[in-house]
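Protein chains: 2
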Amino acid sequence: MAQNIYDEPEFFGRYSQLGRSVHGLDGAAEWPDIRALLPDLGGKHVVDLGCGFGWFARWARQHGAAHVLGLDLSENMIGRARTDTNDPCIDYAIADLERVELPKSSFDFAYSSLALHYIADFERLVKTVHRSLRPGGAFIFTIEHPIYMAPTEPGWTLDGHGRKCWPVDGYSVEGPRSTDWLTKGVIKQHRTLGTTLNTLIAAGFAIRHVQEWAPTAEQIANHPDLAEEVERPMILIVSAQRG
Amino acid sequence: MAQNIYDEPEFFGRYSQLGRSVHGLDGAAEWPDIRALLPDLGGKHVVDLGCGFGWFARWARQHGAAHVLGLDLSENMIGRARTDTNDPCIDYAIADLERVELPKSSFDFAYSSLALHYIADFERLVKTVHRSLRPGGAFIFTIEHPIYMAPTEPGWTLDGHGRKCWPVDGYSVEGPRSTDWLTKGVIKQHRTLGTTLNTLIAAGFAIRHVQEWAPTAEQIANHPDLAEEVERPMILIVSAQRG
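These protein sequences, in sequence, are chains A and B. Quick note, the first sequence lines up with residues 1 to 243 if you use the working numbering. Quick note, the second sequence lines up with residues 1 to 243 if you use the working numbering.
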């Protein structure tokens, strides 16, 4: 089973104070770009893999989705999602994405925000999602970008000329990375961008869009701390479609 | 028109001494992975964009291609390719890939090795290649990987812990990069991996495989200088198909 940091009180307390936890989708700088890729959700059946507090589930319903199933490993997250949701057409369930089973040909759209980089058996999950989608169904997800995940020491440093840079090493060495983010020893699963895409293609998905997210000039003007995201991508957005 | 460094005597002299210039395809460490992606060339009409000395054109003919058209900007390259080739079913022509026109629906396979990162108008070229392929035709190319191309100072450095790393900056800033490789001021065109793939998709290609090339353990054992390629990818291999 995947590491369940979101049920550790210290981690959960800190996570709950992040902008994206307090302000929801609009608290995530990459959300406008994700939103631009979303299909029309009117009447659609949606599954959200790693639904967290349920922000996307509620947004999807506000935008016409017929039903949303939100899955998350964390009791904390699912508990809070249920508390914050009053909608009979949203269901939440605790589920380990390493082992989850989904009903076949049942969803029109699968969504996942910053969850799948915790999953070791990505191939199994991708096949499961593919089977769970109806033909033509879309799968849009974000993960931490492999450039961001790869390094032994994932933090800004200075190159030989004193210029701020992101120190990439081990890019082709796939597997776990232990980093400190809100707490010590968070385990993430590094995969090359090629592996991520080839796993989708092998499962039968067509790649529709690949976005290595960077902020707009307007976003940087409003949030100068976003400027460094131009130097190396932190978030990868992938849009795929079941044939 | 693209910078034509291959017709500068100093550059061309040095380029001619590289392993891949002397030994051909087998002198390129990424060749086994490219070869594994190639379609059956039997009876096929092939175009090679940036054909250099014609190594691939001759290989394609040895593997059953009906005809190969090799295009290159450099008179030096085309001259040497013609000298080294004795085959009425291979034609070479000088062509600037920024402006080239290709006959419509004429090729079964388009190939390009380490040439397209010199091209500023990638979108125009991709559309041109798409139109020139017959339905179902494949387009396989290699370029320098954007992780390799992006940095202001593209060379190994040490991170804050004294560990060798590749100093990524400017990843999302697309456009020209001037570097010193065999001569000073070689101009290459940096694009994110996302832009490369999205340009192909928008032109009507299906993405079949994306490989961020890394050497095998056996290759490293035989050529220890290849070990650093595991740390950050230098070469990107893309396989696409016209629908």
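By construction, these hints were calculated from the structure, which means they are not laboratory data. Just to be clear, a hint being listed does not mean it is correct.
Since the list gives no way to pick one copy over another, a pair counts as held whenever it fits inside one copy or between any two copies.
Computed cross-link-like contacts, DSSO-like style, restricted to lysine-lysine with a CA-CA straight-line distance of at most 27 angstroms [stated by the list, open to error]:
{"#": "1", "residue 1": "Lys127", "residue 2": "Lys188"}
{"#": "2", "residue 1": "Lys184", "residue 2": "Lys44"}
{"#": "3", "residue 1": "Lys44", "residue 2": "Lys127"}
{"#": "4", "residue 1": "Lys127", "residue 2": "Lys164"}
{"#": "5", "residue 1": "Lys44", "residue 2": "Lys188"}
{"#": "6", "residue 1": "Lys164", "residue 2": "Lys104"}
{"#": "7", "residue 1": "Lys184", "residue 2": "Lys127"}
{"#": "8", "residue 1": "Lys164", "residue 2": "Lys184"}
{"#": "9", "residue 1": "Lys127", "residue 2": "Lys104"}
{"#": "10", "residue 1": "Lys104", "residue 2": "Lys184"}
{"#": "11", "residue 1": "Lys44", "residue 2": "Lys164"}
{"#": "12", "residue 1": "Lys188", "residue 2": "Lys164"}
Tell me, please, which holds for Lys44 and Lys188 at an alpha-carbon limit of 27 angstroms: within, between, both or neither?
neither (31 angstroms within a copy, 45 angstroms between copies)
When Cα atoms must be at most 27 angstroms apart, do Lys127 and Lys188 count as within-copy, between-copy, both, or neither?
within (20 angstroms within a copy, 38 angstroms between copies)
Between copies, within a copy, both or neither: which fits Lys44 and Lys164 at Cα up to 27 angstroms?
Answer is neither: 45 angstroms inside a copy and 49 angstroms across each miss the 27 angstroms cutoff.
For Lys104 and Lys184, with the copy left unspecified, which applies at a CA distance of at most 27 angstroms: within, between, both, or neither?
Close neither inside one copy (38 angstroms) nor across copies (58 angstroms); limit 27 angstroms.
Go through the copies and call it for Lys164 and Lys104: within, between, both or neither, with a Cα cutoff of 27 angstroms.
neither (48 angstroms within a copy, 47 angstroms between copies)
Homo-oligomer pair classification [Lys104, Lys127; C-alpha up to 27 angstroms]:
within (11 angstroms within a copy, 38 angstroms between copies)
Can you tell me if Lys184 and Lys127 fall within 27 angstroms by alpha carbon in one copy, between copies, both or neither?
Neither: 32 angstroms inside a copy, 49 angstroms across copies.
Intra/inter-copy verdict for Lys164 and Lys184 if alpha-carbon distance must be at most 27 angstroms:
Answer is both: 25 angstroms inside a copy and 24 angstroms across each meet the 27 angstroms cutoff.
Evaluate Lys188 and Lys164 at a C-alpha cut-off of 27 angstroms and name the case that applies: within, between, both or neither.
Classified as both; 25 angstroms inside a copy, 22 angstroms across copies.
Intra/inter-copy verdict for Lys127 and Lys164 if alpha-carbon distance must be at most 27 angstroms
neither (40 angstroms within a copy, 37 angstroms between copies)
Regarding Lys184 and Lys44, is the shortest C-alpha distance of 27 angstroms or less found within a copy, between copies, in both, or in neither?
neither (39 angstroms within a copy, 57 angstroms between copies)
Regarding Lys44 and Lys127, is the shortest C-alpha distance of 27 angstroms or less found within a copy, between copies, in both, or in neither?
Within one copy only: 21 angstroms inside a chain, 34 angstroms across chains, cut-off 27 angstroms.
Hints 2, 4, 5, 6, 7, 10, 11 from the list above are not met by this structure, while the remaining hints are.
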